[in-house]
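Given next are the chains, with one letter for each unit.
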Amino acid sequence: MANLSPFDIQARPNRLLMQAFSCLIFIVCIGFYMQTSISRHRENPEDRIVPSGHQLLAGIRSAVLEPAEEDDYIPADNASTWERVHHSMIWKDTVSSGRRFFISLFLLIPAVILALHIGLFPWFGAGFLRFVLFFDKIVALSLLPILFIVFGIDEWSKIALVVIGVAPTMILDVTQMVKAVPQEQIVKAFTLDANNFDVAYRVVFRQILPQVINSLRLNLKPMMLFLFAGEMIAASDGLAYRIAIMRRHMGMDIILPYVLWVAFLLFLIDFSLRVINRRLHPWFQA
Amino acid sequence: MVSGLSTLEMTPPLNAARETKSLDTMTTAPVRTATAIHIDDVSVSFPTGRKGCRTVLENISLDIEEGEFVVLLGETGCGKSTLLRLILGQDRPTSGRISVAGSLVQRVDARSSYVPQKYSLFPDRTVLENLAMGPETSKYHILGRLLPSFRAFRRQVREEALRQLSHMGLQASDAAKYPHQLSGGMQQRVAIAQALMMKSRVLLMDEAFSALDPATRSNLQRLLRTVWGETKPTVVFVTHNTAEALILGTRVIVLARQSREDHCGSRVALDMKLPASGMSLRNNGQQFLDLVEHVERFSRGDHHAPSADLDAANGPYESPNAFPSNGETL
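One line per chain: the protein sequences are A and B, in this order.
Heads up, the first sequence is in our numbering, so the first residue is 1 and it goes up one at a time.
Heads up, the second sequence is in our numbering, so the first residue is 287 and it goes up one at a time.
The following block holds chain A by itself, in its conformation from the complex:
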C-alpha cells in the first residue's frame, strides 16, 4: 500500500498518481469557473463578466479572424483564412507588442556588454558600478512621465521604459557572474598570451553566456510587466492596450483569451531560450 500522507517527505507515490495529482488544481479551477459561469447565466443569459464557453469561442473567433474596431480594413468576401488572420486584431496587437519587446531585448545586449566590462575592467567598475547601483534603486515606473515628456508618447517611451526597468538589474546580475569566474581562469588566459579583449570576450564572456541567458529568462516577466504598463497608459495598439480597452466594454470574452495568449507567448520564448542554451552550451551544467 503506497503511503498517501501528503506530509511524508519520504513518500514514493507512483508516476501515474503524481501526474494525475499535478492536474488536479487545473481541473478544480476550470470546474469552479464553469460552475460560476453557468449559475450566472441562469440568472442573466447575456452575462459578460464570466463568459460561457460559447461566448469565449465567439470572442476568440472575432479576435483571430476579424480586424480591430479602429481599423478600416474590410476583408473581401472570398478572403482566405490566412488573409483574415493576417489582418485580425490579435495579429496586429501581437506584432506591435512583439516589436517593442524584441527591440528592448536587442537594446539589452549593450547593457550586458557594459556589465562584462564593469565586472572585469577595474576602471569601468570604478566609473559605472556605483551609478548603476544607484540607478537600480529608482523605480522605473516613476520615470514614466519623464519618459513621455522626453520621448513623446509613441514607441520609444515604452521601449525606454522596458530597458530602463530591466537593464540595471541585468547589469548588476551579470557583473556578479563576471566576478564569480575563478581568477585562475583569467590568469591562465594571460599566461597563454591572450590580450585583454581575448580574456573579456573569448574567456569570460563565453563562460558566463549561458548564465546570462538564464538571467534573461528570469527577466522576461519584468520586461513584459514594464511593456504592459507602458502600453496600458499610452498606446494605440498592442496586447495590453487591447486588454485595457476591453475592460471598458466588460469584454471578458476577449480579455481572457488575450491573457492566456500572452502567457503562452512568454512560455514559448522562455522555452526556446532554454533549448538554445542547452544546444549552444553542452558543457554547461546548471
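These are calculated hints, taken from the structure and not from any lab test.
One should not assume that every hint holds.
In silico lysine-lysine, DSBU-like type, Cα no more than 35 Å apart, as pairs [unchecked claim]: (1) LYS425(B) to LYS485(B); (2) LYS221(A) to LYS137(A); (3) LYS92(A) to LYS221(A); (4) LYS485(B) to LYS137(A); (5) LYS137(A) to LYS463(B); (6) LYS404(B) to LYS425(B); (7) LYS337(B) to LYS179(A); (8) LYS337(B) to LYS92(A); (9) LYS92(A) to LYS425(B); (10) LYS221(A) to LYS179(A).
Negatives, chain B to chain A, calculated, CB over 10 Å [said to hold, decoys possible]: (11) SER347; (12) ARG378; (13) GLY420; (14) ALA438; (15) PRO465; (16) GLY470; (17) GLN480; (18) ALA481; (19) MET484; (20) PRO500.
Cβ coordinates follow ideal geometry from the N, Cα and C atoms, glycine included.
Using the hints provided, position chain B relative to the given structure of chain A.
What follows is chain B alone, placed relative to chain A:
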C-alpha cells in the same frame, strides 16, 4: 649524484639571447645569465583591520637558475602560493623586485606557464580547443581570427595539439571531450599539456596535484619528471607534501614563519639541492625517510633542536648549502 648536479650548473644558458636583448629595458635589477627567476629582497604584507598589518613574506631573496626544478614547500598559510603569485605577476610585492627571464615582472604574461590546482582548464572548450588555445591566441588575437590565414594555422596547431595529447598519455578520443567529462587526474594532464603548448621556459605549478588520489598523483609526478627531463624548463612547484617535493625537485626551498605573530613573515628556512636524477623511497630507502623528517622539521619551524644523525643522513647530498646562515637568523 654530485656529478648530475654539476652538469646542471654547466648547462649553457638557453635563453641568453633573450636576456641580453631585454637588458636595456632593465636598468636596476642585476641579472646573471642563466638566472631564470630572480627574487630580490621581496616582502609582502597586507593591512588587516584598522591599523593591523600582517606580513606574509619577509626579505626573500632567491636566484632560480635556468632548468632547475624548484619545489616550494611549507605549511598551510606560510605564503608559498603568494610567492608563486608574485612570480606569476598576479600579486605585487610590498617591497623588493622580481624578474623572470631577464625582465621585471609587472603583470601576468606569457613568460611563464601556469597550472593551478583547480579551474585549470576552460570549461567551455573541449580538450583539443583547450590545448590549441595558447598558440592560437598568441598568434591571432580576437580580431586576427578573422584573417584568412588563421584557418590554416589553426589546422596546424590542432595537429600539434593532438601529438602533445598522445605524448601526455591521453587518447585521441578524449580530444572532443569537455573538461567536466574527465577525471581530476586527466584534467591536470591536459592542463600540463596546455601549459607546455606555449613552450615557455618557466612553468609555475600551484598545488597542481594536491586534489588527486595517491595513485593518480604518483603517475602524474612521474609524467612531470619525464616532461621536465625532455626540455628542461624552469619549474617552480608549490606543494605542502614533503615526499612529493623530494620526488620531484632538484632543489627544495622551505618557507617557514619564525613565530605566530602578525608582523613576522615567512623566510627561507631551508634551501637544499637534490640530485638531478631525482629521489624516491624505492631507490633511496632510509635516506629518503630521514630527509623527509629533516625537511619537515624545518617547515614546522623547530629546527633549533639539533639532531646528531642529521649529517649522516645528508651525507651523500649537497644539501646544507643555504640553511646554516639563513637558519641562524631565523
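Each hint tested on the structure:
{"no.": "1", "hint": "LYS425(B) to LYS485(B)", "result": "14 Å, holds"}
{"no.": "2", "hint": "LYS221(A) to LYS137(A)", "result": "19 Å, holds"}
{"no.": "3", "hint": "LYS92(A) to LYS221(A)", "result": "22 Å, holds"}
{"no.": "4", "hint": "LYS485(B) to LYS137(A)", "result": "51 Å, violated"}
{"no.": "5", "hint": "LYS137(A) to LYS463(B)", "result": "44 Å, violated"}
{"no.": "6", "hint": "LYS404(B) to LYS425(B)", "result": "27 Å, holds"}
{"no.": "7", "hint": "LYS337(B) to LYS179(A)", "result": "28 Å, holds"}
{"no.": "8", "hint": "LYS337(B) to LYS92(A)", "result": "67 Å, violated"}
{"no.": "9", "hint": "LYS92(A) to LYS425(B)", "result": "52 Å, violated"}
{"no.": "10", "hint": "LYS221(A) to LYS179(A)", "result": "26 Å, holds"}
{"no.": "11", "hint": "SER347", "result": "25 Å, holds"}
{"no.": "12", "hint": "ARG378", "result": "14 Å, holds"}
{"no.": "13", "hint": "GLY420", "result": "4 Å, violated"}
{"no.": "14", "hint": "ALA438", "result": "20 Å, holds"}
{"no.": "15", "hint": "PRO465", "result": "8 Å, violated"}
{"no.": "16", "hint": "GLY470", "result": "15 Å, holds"}
{"no.": "17", "hint": "GLN480", "result": "8 Å, violated"}
{"no.": "18", "hint": "ALA481", "result": "8 Å, violated"}
{"no.": "19", "hint": "MET484", "result": "6 Å, violated"}
{"no.": "20", "hint": "PRO500", "result": "24 Å, holds"}
Checked against the numbered hints listed earlier, the structure breaks hints 4, 5, 8, 9, 13, 15, 17, 18, 19; every other hint is satisfied.
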